[in-house]
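Asker: So the protein lines, in turn, are chains A and B.
Position 316 of the first sequence, counted from 1, bears residue number 316 in the working numbering, the numbering being contiguous throughout.
Position 45 of the second sequence, counted from 1, bears residue number 469 in the working numbering, the numbering being contiguous throughout.
Hints are not guaranteed to be accurate.
Claimed, not checked - Listed below are the simulated BS3-like cross-link pairs for lysine-lysine, each with C-alpha atoms no more than 30 Å apart in a straight line:
no.: 1; chain 1: A; residue 1: K161; chain 2: A; residue 2: K245
no.: 2; chain 1: B; residue 1: K611; chain 2: A; residue 2: K73
no.: 3; chain 1: A; residue 1: K81; chain 2: B; residue 2: K781
no.: 4; chain 1: A; residue 1: K368; chain 2: A; residue 2: K250
no.: 5; chain 1: B; residue 1: K767; chain 2: A; residue 2: K273
no.: 6; chain 1: B; residue 1: K638; chain 2: A; residue 2: K81
no.: 7; chain 1: B; residue 1: K788; chain 2: A; residue 2: K48
no.: 8; chain 1: A; residue 1: K273; chain 2: B; residue 2: K611
no.: 9; chain 1: B; residue 1: K781; chain 2: A; residue 2: K273
no.: 10; chain 1: B; residue 1: K781; chain 2: B; residue 2: K771
no.: 11; chain 1: B; residue 1: K781; chain 2: B; residue 2: K767
no.: 12; chain 1: A; residue 1: K273; chain 2: A; residue 2: K249
no.: 13; chain 1: A; residue 1: K154; chain 2: B; residue 2: K767
no.: 14; chain 1: A; residue 1: K300; chain 2: A; residue 2: K273
no.: 15; chain 1: B; residue 1: K767; chain 2: A; residue 2: K73
no.: 16; chain 1: B; residue 1: K788; chain 2: A; residue 2: K245
no.: 17; chain 1: A; residue 1: K154; chain 2: A; residue 2: K245
no.: 18; chain 1: A; residue 1: K175; chain 2: A; residue 2: K247
no.: 19; chain 1: A; residue 1: K81; chain 2: B; residue 2: K767
no.: 20; chain 1: A; residue 1: K81; chain 2: B; residue 2: K668
no.: 21; chain 1: A; residue 1: K342; chain 2: A; residue 2: K300
Said to hold, decoys possible - Okay, the calculated bits of chain A under chain B, using three or more residues with CB under 8 Å as the criterion:
no.: 22; region: 3-10
no.: 23; region: 67-73
no.: 24; region: 131-145
no.: 25; region: 220-231
Stated by the list, open to error - In silico negatives: residues of chain A with every beta carbon more than 10 Å from chain B:
no.: 26; residue: R14
no.: 27; residue: E15
no.: 28; residue: P20
no.: 29; residue: A127
no.: 30; residue: A206
no.: 31; residue: I271
no.: 32; residue: D321
no.: 33; residue: N325
no.: 34; residue: H340
no.: 35; residue: Y343
no.: 36; residue: A372
Read the hints as simulated data drawn from the structure, not as lab findings.
Glycine included, each C-beta is placed from N, C-alpha and C at the ideal position.
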Amino acid sequence: MSELSLERGLAAFREEIDAPVAAFFSSCIRCGLCATACPFYVETGDPKYTPILKLEPMRRVWASEFTLWGRLKGLVGLAPKVTDEMLAEWEELLYDSCSMCGRCSLVCPVGNDLQYMIRKSREAMVASGHAPEGLIGAASRAIRTGSPMGLQWKTLDVQIKHVESSTGLEVPVDKPGVEYMVLLSSMEIINFPEYLEAIAKIFDHAGVTWTLSTDCYEATNAGIQIGSKDIAAELVQRVVDAAVKLKVKKVISPECGHAYTAIRWEGPNLIGKSYPFRVFHIIEVLDELRAAGRIKTEGKETDRLSLHDPCNLARKSGVIDQQRNLMDLVADNFVDLKEHGKYQWCCGAGGGVSSNERAEHLKMAAFKRKKAQIEEVGPDRMVTMCATCRTQLEEGLEEFNMDIPVVGLTEMIAEHLVEKEQRA
Amino acid sequence: MAHHKTLGESLRAHGVSRRGFLKFCAATASMMALPPTMTPAIAAALEQARRPSVIWLSFQECTGCTESLTRSHSPTVEDLILDVISLDYHHTLQAASGEAAEHAREVAMRENFGNYLVVVDGSLPGPDSNPGYSTIAGISNYQMLMETLEGAAAVVAVGTCAAFGGLPQANPNPTGAVAVQTLAGDKPVINVPGCPPVPMVITGVLAQYLTFGKLPEMDQYNRPLAFFGQSIHDRCYRRPFYDKGLFAETFDDEGARAGWCLYRLGCKGPSTYNACATMRWNAGTSWPVEAGHPCLGCSEPKFWDAGGFYDALSVPPGDTGSTLLAAGVSGAIIGGAAAALAKRRQKADLAERQPVKIDELEQKL
């Protein structure tokens, strides 16, 4: 059987180095601003977590293979080599201490997209066999069971039955020709079943037709997190096949950050063709319904609420106003964190960090930045729209003994819907 | 030779009036950018000056500098001042010839040892060159200069050949020509470059030396600042056209006829320091730029090798253009080759690419 090897890793580096990467490396001015943008560096103070240093293996390959000087140095044996030992050392830097939040890319004064290069570096880490076990496990379960957490349809089926009995509404499954196909994340199915209930209520309220698919209900993409386009493409293809089979024109990505960027932005490139449908984040759909007057709410939350923007949604996809429009609908006392929207700080768990048990201490260290942001504002509750962020906020706030509950925005909207009888 | 006579006495003997003499002194003062109050000082100095002995050596030259000198246009006093300095040896101008001529030089050297002024026009083959390239009375230029310099108070290098090597030294310099200052050792050198120098500048420098008995203030090329302190461009009467961006593009276009700036026709005025623009030539009649021709930059070192006379200054001199082009092209080829190599390797990698399979990943668990 074939094996992952250093050679395949180096080939992957070469393959991933494209014109933007070459331009980025040659234009880096070594100012170190990326370090001050990175929660892992800021909260640990360890210079090895400087984002550009995390890219050193890729930089070495670029320098020795794609620059004249590097090739000449290589000829006389002066070019530093990328070895298995080096990649093993960098595994922690490329996975454990990076949530691919993209804040470094945002602040880079010469416009280098570091996050893009981290994503590409991970391709080589996978090909050389240097991916963390936790992520390999998640990828394996995603491919073999359809869920990175190893869930099976029967688990979801139990939740569906539960939602149907508590709401009296039907949860449509495998219904062709409806408007939306709804995707979920395993984290929601296990930790936050209220999301599915909220969807059922809101769509019933707004008169939206939708369905789940037994072929593919999982939106998350372990291939994106571990950094393997082969695995990521396979997972994206499942979504495409399911949507095509049900002839839907719109697919909804759930309250999850990376799932959205995976299916919305990377997906068509991964499978090499455009979709016959459009992809939305649930927050985008809800805001459209709100704007169209199809969501009628009553009453408002009166406690002090603040919002955590998921990196993938706000910084990387520009979904920033939508969640605030929705907050205004249901919250009286909403206050933004000081740095929010595209400048928000990562919760510390994204980009595969939360699936990587080994990274637990770093994940909590990075959370301290979020904690400081929350303490500045002092809200009674936090609202967010990503299951991973939400879990991290809950765990982190508990770790630091802060009594601040975390809620999902979708379920908060659902709680304020005007009852059908009253509307009529 | 009337060594006992002062300059003033000589001038009066030659029929130069006191008024004429003072006019010359005032002109000299203004020429050298001295305040008018210096005129009496110049007059007094010149009146008292003993006629210094001057030995004029001509080496690898075209006699243009001497021609220029003899056309000195100021009042005839300038001619007189050349009469009254004791020009003891000058190939072209002296009446003596053969052994008598050389004898005059030897006598002047012996009698004025340590005090005479040496004027040189023309460059000379350096000490390492074949001495036969230029000889006078069987003596090589190098040998003659060295023995004449021995008792000299100072040396004035007249013309660009003497000052900077000039045409003989221009690439490929077949005679191994060198400038006087490279051989002068610790003797003071005054360079009066130009091809040829402005006549009044030659006489002016000599007058200044006589007046103050010391070397004038000089720039980094040992050129007297009084005459070489400002660029042609800064004093050019066509400068307003340059400032307005009005340029002649050819020698017969409207701009040329209207007298616009000649910069684009290769004028070296901006990088040339000389007095042409202020003193002009042929008794103040005109000067090259006024006649419609760009400045060649003849008073600057290496002006023969500084690129085409008709290339604008912004065009790099010499073959730098083609060198740059060649460097750029070879760089592009090497870089392109490196990029192509990298690209080919990338393609090969892509062709042999093994997709990562889940069971391969699982082996790592």
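Asker: Please verify that the nearest CB of chain B lies beyond 10 Å from A:R14's CB.
Answerer: Check fails; 5 Å does not lie beyond 10 Å.
Asker: Just to be careful, I want the Cα atoms of A:K161 and A:K245 compared with a cutoff of 30 Å; is the pair within it?
Answerer: holds, 24 Å
Asker: Hint check: B:K638 vs A:K81, CA-CA at most 30 Å. Holds or violated?
Answerer: Given pair B:K638, A:K81 is violated - Cα atoms ~69 Å apart, limit 30 Å.
Asker: With the threshold set at 30 Å, check whether the alpha-carbon distance from A:K300 to A:K273 stays at or below it.
Answerer: violated, 44 Å
Asker: The output says A:E15 does not contact chain B. Does that hold with a beta carbon cutoff of 10 Å?
Answerer: violated, 5 Å
Asker: Do at least three Cβ atoms from the region 67-73 of chain A come closer than 8 Å to Cβ atoms of chain B?
Answerer: holds (count 3)
Asker: Can the restraint linking A:K81 and B:K767 be considered satisfied, given a maximum Cα separation of 30 Å?
Answerer: It holds: about 20 Å lies between the C-alpha atoms, which stays within 30 Å.
Asker: Just double-check A:A206 for me: nearest Cβ-Cβ distance to chain B has to come out over 10 Å.
Answerer: holds, 40 Å
Asker: Straight-line Cα separation of A:K154 and B:K767 no greater than 30 Å?
Answerer: violated, 50 Å
Asker: Closest CB-CB distance from A:H340 to chain B, is it above 10 Å?
Answerer: Holds: least Cβ distance 37 Å, greater than 10 Å.
Asker: For the pair supplied as a hint, B:K781 and B:K767, is the alpha-carbon distance within the 30 Å limit?
Answerer: Within the cut-off at roughly 26 Å; holds.
Asker: Quick check for students: does the CB of A:A372 sit more than 10 Å from each CB in chain B?
Answerer: The claim holds: A:A372 sits with its nearest Cβ about 37 Å from chain B, beyond 10 Å.
Going through the hint list in order, the structure does not satisfy hints 2, 4, 6, 8, 13, 14, 16, 20, 26, 27, 29.
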